[in-house]
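Now for the letters of each chain:
There are 2 protein chains.
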Amino acid sequence: MATEVFDKQKTIDLRKKYIGPSCKVFFNHDPIKIIRARGQYMYSEKDEQYLDCINNVAHVGHSHPEVVSAGTKQMELLNTNSRFLHDNLVHYAQRLQATLPEKLSVCYFVNSGSEANDLALRLAWQHTGHKDIITLDNAYHGHVSSLIDISPYKFHQLGQTEQSQHVHVAPSPDIYRGKFREDHPDPATAYADEVRDIIEKAHAKGHKIAAFIAESLQSCGGQVIPPVGYFQKVAQNVGGVFIADEVQVGFGRVGSHFWAFQLQGDDFVPDIVTMGKPIGNGHPMSCVVTTREVAESFMSSGMEYFNTFGGNPVSCAIGMAVLDVIEKEDLQGNALRVGKYLMELLEKLKEKHPLIGDTRGCGLFVGVDLVKDRLKRTPATAEAQDVIYRLKDQKILLSADGPHRNVLKFKPPMCFSREDADLAVGKIDHILTGTHSRAKYSLYIPLRGNEDNIYCLAGDGCKNK
Amino acid sequence: MATEVFDKQKTIDLRKKYIGPSCKVFFNHDPIKIIRARGQYMYSEKDEQYLDCINNVAHVGHSHPEVVSAGTKQMELLNTNSRFLHDNLVHYAQRLQATLPEKLSVCYFVNSGSEANDLALRLAWQHTGHKDIITLDNAYHGHVSSLIDISPYKFHQLGQTEQSQHVHVAPSPDIYRGKFREDHPDPATAYADEVRDIIEKAHAKGHKIAAFIAESLQSCGGQVIPPVGYFQKVAQNVGGVFIADEVQVGFGRVGSHFWAFQLQGDDFVPDIVTMGKPIGNGHPMSCVVTTREVAESFMSSGMEYFNTFGGNPVSCAIGMAVLDVIEKEDLQGNALRVGKYLMELLEKLKEKHPLIGDTRGCGLFVGVDLVKDRLKRTPATAEAQDVIYRLKDQKILLSADGPHRNVLKFKPPMCFSREDADLAVGKIDHILTGTHSRAKYSLYIPLRGNEDNIYCLAGDGCKNK
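In order, the protein sequences belong to chains X and B. Read left to right, the first sequence gives residues 1052 to 1516 (the working numbering). Read left to right, the second sequence gives residues 1052 to 1516 (the working numbering).
Simulated from the structure, these hints should not be mistaken for lab results. Some hints could be false.
For chains that are exact copies, the list does not tell them apart, and a pair is met inside one copy or across any two.
[Unchecked claim] Okay, derived cross-link-like pairs now, PhoX-like style, lysine-lysine, Cα gap no bigger than 20 Å in a straight line:
#1 1068 <-> 1154
#2 1084 <-> 1061
#3 1391 <-> 1427
#4 1097 <-> 1061
#5 1124 <-> 1084
#6 1097 <-> 1443
#7 1391 <-> 1403
#8 1379 <-> 1403
#9 1259 <-> 1182
#10 1067 <-> 1154
#11 1097 <-> 1391
#12 1423 <-> 1059
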């Protein structure tokens, strides 16, 4: 079935000609051409099989037949906007709501995580009448202009440091590499107090906080798992709404819960939850869920909210199929079990290899923090890039992220198996065991890329450094 | 095949419970439930057939089998992000480029017209190093926060008039209802001079213009067709880039050309073109095309541009199928022929009914401006709403838009036929001929809704006035 229209070099040439040069490929010096995929496996034009450890969008597995079938059936019938009544819209909203605390009951369907987070800001601004946003260091919330402003992961890339006066950056609650670490008696309170200080300084300048926004687990920021209780303490002080960005980590990935914010405890419920990537298994769709109170405030502005494609019957059919498959195949349970197993394997690897400074994870959201020195925790950036490139040669797709691009990042399709974990960790073990020229590392210039790691060989036509 | 999950009242109840109240339905006092559609026809849960004169998203016809098939085949194979090489991405970019002037050669694929216009602003800001944007009065460019700021159609809805100091609003080049009319010897120059004056005033304040943005034909603004030569004259003075927003009007709708900006003449080429609605026949996708020069400037910031869903193989397959169908079924030619025929019918109707002040159109983009008084051109807002509601009773879907919501707006699927035109115009003739209580008009409160008209019966639970 899958065939090439162009040979690989022609594809590369056409891409250079017609696609914006800011749009990067994985493995710039030797990018991969993929022509089909199924489950957790992707296949090149030469039919080489790659194990996908990174695609959190293909949540229930690449090209899942049940999802494809749901999309096809609905496309054959009807795909139109939400100004007409349709059962899929309300049925899907009802089903999504059932996964959330009762208070989070009103849905807005949009097309991407970026649209979702932008709408979340609009809801917060309108509901509070305030302007200021508190975000976490190293956060990534999306690519539209309002979100670049609140994404240090992105705006740190720009030479100019002209940060909006309405945006405040709080320290990332990273207990391995951050200001307060695992030896601190109460890091949750300590990090929350940092936010409180920011709020007080903003108030002193006459500013008021519209929202605190955080990924429930920081992904691009380096697979950071905030200490339990941190979100509650922040919420108490914020004087605005709490936006939990679940774009990368929602839909059962953390194993023990359906939503990652639930790791903070039952006593924490955000005011707004944004969803994205995994929601449609690759279909462009997304959702914002909020409280009736916030929704009524937004309504009271008198401005309609209309999104041409958002909530169309095809997107909703696909979204429901994804929920069905998660349930039928117990993918949340699988994430819990395989994630635990993967962590055990990685813990053993850590005992063996001093390059591994920390392993952390919840379900199939796992980070391996590589360090040059365990005491100083010096990020082993070049080494991480080397591991990634060597894994690619072994047909394993893994990425490295975080502010230092030294954290190996597992976020595979949720059908990832114990055998897959064995294979990936075995290959890492082999790479870390082997000896090879350190000189090579200097060739890899890590970029401040995006929510996935991007790197290129110096002098390989890549101007971003 | 198509069946209901819930009865209509239950659908309405669930919608009230789970969907943001800012998301409006058509015909609020008696919304329509649609469960299937094909070509230019939509079908209710009772299998009533509606003629769709408004859906410019279902461009090649609702549920076109060739588009559905292309989407299905690709979904079965692979749907992943553009960090892997894939032929669909580059092939589609190549094919889109072939419809445009040579200079417009670099594509960025995104998920919606809003994402496209936001990216266009980012490109303009980065390329020029300037901040200010000039937009047209009554313009609508999207729903993300950066675009609300440049959409008078939207921000006029807000009580507060806190307009960004970096946004300048030029008069809409409307030669029927605007500042300079059809009797002006050179309206193109007169309207362009207005923009020049704005630029000079901005410069005097130390501001510099990043971009002038305009829909190639204003749609929500009241089906406005700018005088030929206007865009060229604006472009000469702007000192920033020219963004042509083709989200509503591109892809052959105007009949004589594939892109509506081409109506201005061969000597006009914008720096950035944004696309949307019709591009995927309902599939959430969109594109920004710009020059190599602008693309290189954007690249030089050092910031990667990554869009999770944008340019995925499924979206590109669907986009190519849409281009195929437009060509195979000569839909651009059909738009030219049927549009001309529709205009002739409407011209005759204008001779007969004094309520019609103006008819204007290009291809299947047609407006009928209803007036209470032909000399004063007083907008017949309530009458327009009445016509729309009566047409709905006759199973014809039409909308009314423009700043006064008095312009009947045709923008049907491109397979719209002469018979469809006869039917719709015949029904309008009948409605305008019939006598009925004018008192009823006062019940319809037109909203400043969105890019389509929204209205509701006063007291019908609708707070937006």
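message: Treating 20 Å as the Cα threshold, decide for residue 1124 and residue 1084: within, between, both or neither.
response: So residue 1124 and residue 1084 pass the 20 Å test across copies only (18 Å; inside, 29 Å).
query: Is it within, between, both or neither when you check residue 1259 against residue 1182 at 20 Å Cα-Cα?
result: So residue 1259 and residue 1182 pass the 20 Å test inside one copy only (6 Å; across, 25 Å).
- prompt: When no copy is named, should residue 1068 and residue 1154 be tagged within, between, both, or neither for a Cα gap of at most 20 Å?
  reply: Answer is between; shortest inter-copy Cα gap is 12 Å, intra-copy 50 Å.
Copy assignment of residue 1097 with residue 1061, given that the CA separation must stay at most 20 Å: So residue 1097 and residue 1061 pass the 20 Å test inside one copy only (15 Å; across, 52 Å).
- prompt: At most 20 Å between C-alpha atoms: does residue 1379 with residue 1403 qualify within a copy, between copies, both, or neither?
  reply: Cα proximity of residue 1379 and residue 1403: none, with 38 Å in one copy and 64 Å across.
query: For residue 1423 vs residue 1059, is the C-alpha pair at or below 20 Å within one copy, between two copies, both, or neither?
result: neither (37 Å within a copy, 64 Å between copies)
- prompt: Is it within a copy, between copies, both, or neither that the alpha carbon of residue 1391 lies no farther than 20 Å from that of residue 1427?
  reply: Neither, since 28 Å and 75 Å both go past 20 Å.
- request: Could you figure out if residue 1084 and residue 1061 sit no more than 20 Å apart (CA to CA) within one copy, between two copies, both or neither?
  value: Within one copy, since 11 Å is at most 20 Å while 48 Å is not.
- prompt: Using 20 Å as the alpha-carbon threshold, which applies to residue 1097 and residue 1391: within, between, both, or neither?
  reply: Neither: 34 Å inside a chain and 52 Å across chains, both beyond 20 Å.
- prompt: Is it within a copy, between copies, both, or neither that the alpha carbon of residue 1067 lies no farther than 20 Å from that of residue 1154?
  reply: between (49 Å within a copy, 15 Å between copies)
message: Reference check for the pair residue 1391 and residue 1403, CA-CA at most 20 Å: within, between, both, or neither?
response: within (19 Å within a copy, 77 Å between copies)
task: Could you figure out if residue 1097 and residue 1443 sit no more than 20 Å apart (CA to CA) within one copy, between two copies, both or neither?
output: Classified as within: same-chain Cα gap 15 Å, cross-chain 56 Å, threshold 20 Å.
The structure fails to meet hints 3, 8, 11 and 12 from the earlier list, while all remaining hints are met.
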